[in-house]
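What follows is each chain in one-letter form.
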Amino acid sequence: MLLKKLVGIFFTVIWISSSFLLAQDSVDEMEFPTELLEALKDSSTNGSDSSNDSEASKSFESLWERIELATDLQGALNSVRKDTPLNPNNALISYGHSSIKARIDLILNPKLTGQLTLRTRSIITYAHEWLSTGANESFDRYFMEGYLQWINNGRTIVLDAGKQKLDWGVSSGWTPVNLLIPLPQVNNRYNEDLENEGLGMIHMEYSNTVFTLNGVIAQLKTAEDDSGNLRQGAFKWAAKVDPFEMGWVHHEAKSTAPVNGIYFSGLLTDLLEVHGEWTRTTDRNRKMITKVFDGYTDGSGYIPTYYTLEDDDRDKNFDKVVIGGKYTFSNDSSLTLEYYYTGHGYSESEWDEIKNGIKEANTSDAWKNDNFNASEGNRYSGYLYSINELLRDTRNKKNYDLRKNYLFAHFYSSESDDLWEWTYVLKLNLDDSSQTHSSILNKSWSDHLNTELTAIFYCGAKHSEYGLSPYQNIVSLSAKLLF
Amino acid sequence: MRNFKILALLLLFIAPSILGAMPTAKKIVEKADLYRGLQQDTYIIKVTSIRIRPKKKAKKGTVEVLLRKENASGVDKAIVKFLAPAREKGRAILEIDKNSWFHIPKTKKLIRITPSQKVLGEASTGDIAGTKYKENYSADLLGEERVEKKDCYYLKLSANNSKATYDKIEYWVEKKTFKPVKAKYFTISGKLMKMAYWKSFKTYRGREMVEKLLIADPLIKGKYTLLINDDYQKATLPASLFRKENLNRL
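If you're matching them up, the sequences are chains Z and B in order.
Taking our numbering, I'd label the letters of the first sequence as residues 1 to 483.
Taking our numbering, I'd label the letters of the second sequence as residues 1 to 250.
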């Protein structure tokens, strides 16, 4: 019996090895698939000179090459938390539980002369959202970018003027060296998953064989001052020191302290890339939690402890550091891991104060008690609104996370032969162990049609960063038509 | 004695001409390089790739490749612009030696990719560009073999600098014309990575160069990428064009 098994295994091994070896050796006399044979035969006359292409067809191609048009139809189902202390019984803010959105995204980059190009990107959106309080419809257009670009013949000087987005970072999850202060988030629900519009700016770049220098003066818009004048500036100096690329960045803006930063990226091996960013400033970009008074009892009953959020005026250094790498596996999938530290985030004691403020605002439903109304409404509900705003920033803006230590993981499956792609993203708050998990499954059905199924889960304890998210999960399906 | 002298004289005259007719391995590689792409210029080529997988529908794509060859290092810098299909349009890759960056449309973010990440099927930018084997590999002539119905020189190439993409290459060059016929590419660990077949040549602006290059996966039968070169256009491409920042400005 044993001998029979061994003989069986022996022949199986022989058969597998021979088919494996044949797969390699038979390529010399391979029989190509019909499609390939047709492509091989479909040759323009061998040996003839093919240098006389039609100039007219070339210019049409080059114009078409400078247009990118995509339309997108998306349906989303959101599981809204009912028990979040930031929005008790969903009474403060009405979050959408489902939506249908349509979008047209047009990039147009016509070349005006040999050196001058107009670069534009516009988005038109329509959204129909079902909220707990009824339906909401919106129709918007966003002029994401629109600027003139001049490049000299030697390609050593670039000048841009107009509305533009710049991205200076080398990391994935967080990019601290992306120093320009973006426009405030547009108050539109559809824009929650849409990046901010570009900033009006004048940008210059000079490069030689040793280094590249960028300088930019850009508009600054804040909640306090929305004049949008050119009141922030930054520059970047970058050089390649094999096997690394490294740079220094500096930013100044009206009413804020200067920021300095450095970054690097490079290859350690053919499979492993490493990168890092670090910035330092003396201005904290978080509001500080301040106790106005302790809770007490008077004739009318218990008056809960009251906190507000105020600017942090302490003169101290606030750092942001990202360090990470990307590993590529033999099957072409890749894994990116990053650790992020931000001194701007809330410490354990500050977070305890925030949590305490939330608990106090919920004591005996203080947030809806008319006895606590101030000139701007109920002060406790005002506090809950402020914390909701902070959380919204963490969902929409990069580098605005609430705590100090984070881990980011990004796995990309690579494109399969059937044009499936899977991306998984984890953001783990190392201070309170709350997490967001995102899974994105993409399929190209044809050269022009693409679908994407996305699921985002917010997990964590009741008073943790992601546990306080108004959504438990968001599932969306979108279909894109590309031209 | 007299006969011996005549024989010695004859040998003295004939031997050098016989030896001279036998090309050295280096010379064979150098001549074959000329068919694999322009070697000293900056130029643009349009390449159609057809990716074939067992029991799957073939996928076609078109890229435009901007190349700049510098000094003694073969192809140092390349920009690959994806023109079609629509789902890939607007993407671009910059390759400088082993450093590569990938640009995805609608973002200004440039993603650094490792040399092992595949973005053009089995083909590498070096395959498209016709990297100079003469500069990056030392060659040994191992003999002669009949391959693809052609009498060929059989050579072994070994990387002689860190810029070389492969550690070893087995290389067959047609004896009569010095056109490349077939190559097998190996990693440092000796693993066979891929095989290439130069299937046809065409005259572009008076020079005969590769038109169709077939790349085969040695482990999966029926997995191929066919590259069809459309045209070689000489162009002025300054060195400063080949910077990652310019991927957003193509």
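Hints were generated in silico from the structure; no laboratory data involved.
Treat each hint with caution, since some may be false.
[Unchecked claim] Result set (DSS-like, lysine-lysine): computed pairs, CA atoms no more than 25 Å apart in a straight line:
#1 B:K98 / Z:K240
#2 B:K223 / Z:K111
#3 B:K106 / Z:K221
#4 B:K55 / Z:K221
#5 Z:K240 / B:K223
#6 Z:K480 / B:K191
#7 Z:K291 / Z:K462
#8 Z:K443 / B:K98
#9 B:K56 / Z:K443
#10 B:K56 / Z:K240
#11 Z:K443 / B:K175
#12 Z:K480 / B:K199
#13 B:K109 / Z:K240
#14 Z:K480 / B:K57
#15 B:K109 / Z:K443
#16 Z:K480 / B:K163
#17 B:K176 / Z:K111
#18 B:K81 / Z:K240
#19 B:K199 / B:K46
#20 Z:K111 / B:K46
#21 Z:K443 / B:K234
#22 B:K81 / B:K55
#23 Z:K111 / B:K163
#24 Z:K443 / B:K176
#25 B:K191 / B:K176
#26 Z:K111 / B:K59
#27 Z:K443 / B:K199
#28 B:K234 / Z:K480
#29 B:K118 / Z:K111
#30 Z:K480 / B:K223
#31 B:K60 / Z:K443
#32 Z:K443 / B:K27
#33 B:K106 / Z:K480
#34 Z:K480 / B:K150
Computed from a prediction, not measured in an experiment: that's the story for all the values here.
Status of the hints after comparison with the structure:
This hinted pair checks out: B:K98 and Z:K240 have alpha carbons roughly 13 Å apart, not beyond 25 Å. Among the hinted pairs, B:K223 with Z:K111 is inconsistent with the structure: their alpha-carbon atoms are about 40 Å apart, more than 25 Å. With a C-alpha separation of about 23 Å, the suggested pair B:K106 and Z:K221 falls inside the 25 Å cut-off, and the hint holds. Pair hint B:K55 plus Z:K221 does not hold up; C-alpha atoms about 56 Å apart against a cutoff of 25 Å.
For the proposed pair Z:K240 and B:K223, the alpha carbon gap of about 38 Å is over 25 Å, so the pair is violated. Restraint check for Z:K480 and B:K191: the C-alpha separation of about 40 Å exceeds 25 Å, so the hint is violated. Only pairs whose Cα atoms come within 25 Å are accepted, and Z:K291 paired with Z:K462 is accepted, the gap being roughly 22 Å. Using a Cα cut-off of 25 Å, the hinted pair Z:K443 and B:K98 is violated, with the two alpha carbons roughly 30 Å apart.
With a CA separation close to 15 Å, the supplied pair B:K56 and Z:K443 stays within the 25 Å bound. Annotation: proposed proximity of B:K56 to Z:K240 is violated, straight-line Cα distance about 43 Å (limit 25 Å). Distance check on the hinted pair: Z:K443 and B:K175 sit about 47 Å apart at the alpha-carbon level, beyond 25 Å; violated. With a CA separation close to 38 Å, the supplied pair Z:K480 and B:K199 exceeds the 25 Å bound.
With a C-alpha separation of about 18 Å, the suggested pairing of B:K109 with Z:K240 holds against the 25 Å cut-off. Pair hint Z:K480 plus B:K57 holds up; C-alpha atoms about 21 Å apart against a cutoff of 25 Å. About 23 Å separates the Cα atoms of B:K109 and Z:K443, which keeps this hinted pair within 25 Å; it holds. Taking the CA atoms of Z:K480 and B:K163, the gap is about 40 Å. The hint is violated against a cut of 25 Å.
Simply put, B:K176 and Z:K111 have alpha-carbon atoms about 48 Å apart, too far for the 25 Å limit, and the pair is violated. Using a Cα cut-off of 25 Å, the hinted pair B:K81 and Z:K240 holds, with the two alpha carbons roughly 23 Å apart. For the proposed pair B:K199 and B:K46, the alpha carbon gap of about 18 Å is at most 25 Å, so the pair holds. Using a Cα cut-off of 25 Å, the hinted pair Z:K111 and B:K46 holds, with the two alpha carbons roughly 20 Å apart.
Between Z:K443 and B:K234 the alpha-carbon distance is near 38 Å, which puts this suggested pair outside the 25 Å criterion. With a CA separation close to 29 Å, the supplied pair B:K81 and B:K55 exceeds the 25 Å bound. Restraint check for Z:K111 and B:K163: the C-alpha separation of about 36 Å exceeds 25 Å, so the hint is violated. At roughly 48 Å between alpha-carbon atoms, Z:K443 and B:K176 are farther apart than 25 Å, so this suggested pair is violated.
This hinted pair does not check out: B:K191 and B:K176 have alpha carbons roughly 31 Å apart, beyond 25 Å. As the CA atoms of Z:K111 and B:K59 are separated by approximately 31 Å, the hinted pair breaks the 25 Å bound. With a C-alpha separation of about 33 Å, the suggested pairing of Z:K443 with B:K199 is violated against the 25 Å cut-off. With a CA separation close to 37 Å, the supplied pair B:K234 and Z:K480 exceeds the 25 Å bound.
A distance of roughly 31 Å separates the Cα atoms of B:K118 and Z:K111; the hinted pair therefore is violated under the 25 Å criterion. For the hint pairing Z:K480 with B:K223, the CA-to-CA distance comes to about 29 Å; that exceeds 25 Å, so the pair is violated. For the hint linking B:K60 to Z:K443, the alpha-carbon distance of about 17 Å falls within 25 Å, and the restraint holds. Only pairs whose Cα atoms come within 25 Å are accepted, and Z:K443 paired with B:K27 is rejected, the gap being roughly 49 Å.
A hinted pair counts as satisfied when its Cα atoms are at most 25 Å apart, and B:K106 with Z:K480 qualifies at roughly 14 Å. Taking the CA atoms of Z:K480 and B:K150, the gap is near 49 Å; set against the 25 Å cutoff, the hint is violated.
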